[in-house]
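2 protein chains.
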Amino acid sequence: MPKKIKTEEPVDLKEACIQVARDFIAEHGIENLSLRDVARRLGVSHQAPYRHYPNRDHLLAEVLRRCFQGFAAHLDARDRLDDPKADLQSMGRQYLSYAAQHPLEYRLMFDTPWPQAAEHPSLLQDARHAFDLLLGVLRRIHGTQASKRALIELDALYIWSSMHGIVGIMQCKLTDRLELSPQVPDQAALHVMQMILKAMDSHR
Amino acid sequence: MPKKIKTEEPVDLKEACIQVARDFIAEHGIENLSLRDVARRLGVSHQAPYRHYPNRDHLLAEVLRRCFQGFAAHLDARDRLDDPKADLQSMGRQYLSYAAQHPLEYRLMFDTPWPQAAEHPSLLQDARHAFDLLLGVLRRIHGTQASKRALIELDALYIWSSMHGIVGIMQCKLTDRLELSPQVPDQAALHVMQMILKAMDSHR
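Read top to bottom, the protein sequences are chains S and U. For the first sequence, counting from 1, position 155 maps to 163 in this note's numbering; every step adds exactly one. For the second sequence, counting from 1, position 71 maps to 79 in this note's numbering; every step adds exactly one.
Chain S on its own, in the form it takes in the complex:
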């Protein structure tokens, strides 16, 4: 059992809880997160985190918000290109590099049961913001008329699915065991992006 060390309370306890919770999840998994453990790691009283978070789900929602904010910032930091399809490809590369550099955050956002969402409107807002970046590029391809809205959303889900799928499939160990040609694993994500662009090109 980890030793309880009493120290000065961090100046920004609310923020410190988020950092410690993220590290705790990295080590012990999301299902084991508790405000008690966070307090213990910070060396503060068991009650202290409750001043900022009514329960662990609220803290978890804050951790997730940071993930979505970082993810959106990463997508936004892409090389921006005038041609919307080239820009889409640039966003795709950023998506892949985010997943490679932040596997924990990626898993938390997309492969983990969420806390009760209705109670966390700001989390929803941050999640939607990331999705909106993709919708924005697609609006440049399809146009902004209301009649295009559903098509844009469907394309966004298709593109996200394909990228999310290749990230998951290349991470799961199954792919190592399919006896693929030696060059294929390295080319797979790029091939997915090329196929997405081909599908987009042939849109009516």
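Honestly, the hints are just simulated from the structure, not real lab data. Relax, there's no trap hidden among the hints.
Identical copies go unnamed one by one, so any copy, or any two together, can satisfy a pair.
In silico lysine-lysine, DSS-like type, Cα no more than 25 Å apart, as pairs:
hint: 1; residue 1: K206; residue 2: K93
hint: 2; residue 1: K206; residue 2: K156
hint: 3; residue 1: K93; residue 2: K156
Starting from the known structure of chain S, fit chain U onto it as the hints suggest.
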């Protein structure tokens, strides 16, 4: 704690362990599976399962094998169509219906850390067989020349990624919260299949 009930040992203990393990995983998650719990549920001695499985990973590998066998059989039970692209679409529909009807098995195969695989060659064989069904349809599209092998594998990974991605994305609760147009969630999987076919159509 569940009551231990001593009963007659099942005639086919090896097979009974697989069924009970699958049900145990459904209730308690894969990480909590132990041969001890399986024995307890079957009402046999703690040592009995060890006659067939050196450890829980071997039992887990058998559970996974059954998943892949059932999955491949489901893909094989599709309406077979002479046109390979129509056949691909038919396989896509079977993929989606498998995921909808067998969410636990689907998760076990594709979203769960596997037992040490090198020790379970027959599991690998069953997993590869399912992937081969997709490669087979793609060979009918691209031809069977050795020079097409890598392209066929890349297309297979792309198609699988897109389908796996849409299954995951529509299952995770995030999608409910993106304020999509009302018709979009129901159309998303079909749209992915259409985009896959468009991308395939535009292949050089």
